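Q: The whole structure should be built from the sequences, with the hints applied where relevant.
Under the working numbering, the sequence shown has 208 at position 208, and the numbering climbs by one with no breaks.
Because the hints were derived from the structure by calculation, they are not lab data.
Please note that the accuracy of each hint is not assured.
Said to hold, decoys possible - Have a look at the derived ranges for each label pair, beta carbon to beta carbon:
id, residue 1, residue 2, range
1, 161, 134, 18 to 26 Å
2, 120, 27, 26 to 34 Å
3, 192, 137, 12 to 20 Å
4, 25, 149, 36 to 44 Å
5, 8, 170, 14 to 22 Å
6, 133, 38, 36 to 44 Å
As the list claims (entries may be wrong) - Derived lysine to any residue pairs resembling SDA-like cross-links, with alpha carbons at most 20 Å apart:
id, residue 1, residue 2
7, 41, 15
8, 30, 50
9, 41, 13
10, 132, 211
11, 144, 205
12, 108, 134
13, 100, 134
14, 174, 59
All values reported here derive from a predicted model rather than from experimental measurement.
Here a beta-carbon is modelled for each residue, glycine too, at the ideal position from N, C-alpha and C.
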Amino acid sequence: MINVIYEDNHLLVVEKPVNIIVQEDDTKDKDLLTILKEYLKVKYNKPGNVFLGLVHRLDRPVGGIMVFAKTSKAASRLSDQVRNNKFEKTYHAVICGKVKTEDTLQDKLLKDITKNITRVDKRGKDSSLSYKLIGYKDGMSLVKIELHTGRSHQIRVQFSSRNLPLWGDQKYNKKSIAGEQIALFASSLSFFHPVTYKKLTFSLELPTTYPWNIF
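A: Now the structure itself:
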């Protein structure tokens, strides 16, 4: 069952479980968008297709807060906020290695669609994030990240390119072991309500599994 954090006539804010794709892909695995449409269809006894707009994404292995739009108007206005960097996205991650107390990382990132990987490349798009060190233990750093741009795999690539990969990242951490769950979590999301324009902020507690629990 999906954890519904907030719902009104325009929005649906939920906690995305780890290892669930946001939207249907070639794997044909059950996706979050379809699950939530079924939830709305049953809850409101709606006949036919249910509209639910996807305005941002999280990587498949990553869990945390997401907002969906229940009307086309809300979808359009939320998408505008995403494009204009009005969404404030906060993540927490466990990094392998010792990071600085705080820093801003800026790179040009290029996505290779055929291989579904992103890399630092001068032909890429400007990408920026800031982070603060929350704790350091057992050779790992817990960091709080403010994302300034929303590039594919951005957090994972910007840290791994500095030899500071995320714990359990199967794609960008060569030392990760099969079966480990990436330690990256979308912990907070702020945006303006598409109709009332009131600023909304939603937060979640961090996971309690390893390696989160050592901090």
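Q: Hint by hint, where does the structure go against what was stated? Just the numbers, ascending.
A: Numbers 3, 4, 5 and 12, in rising order.
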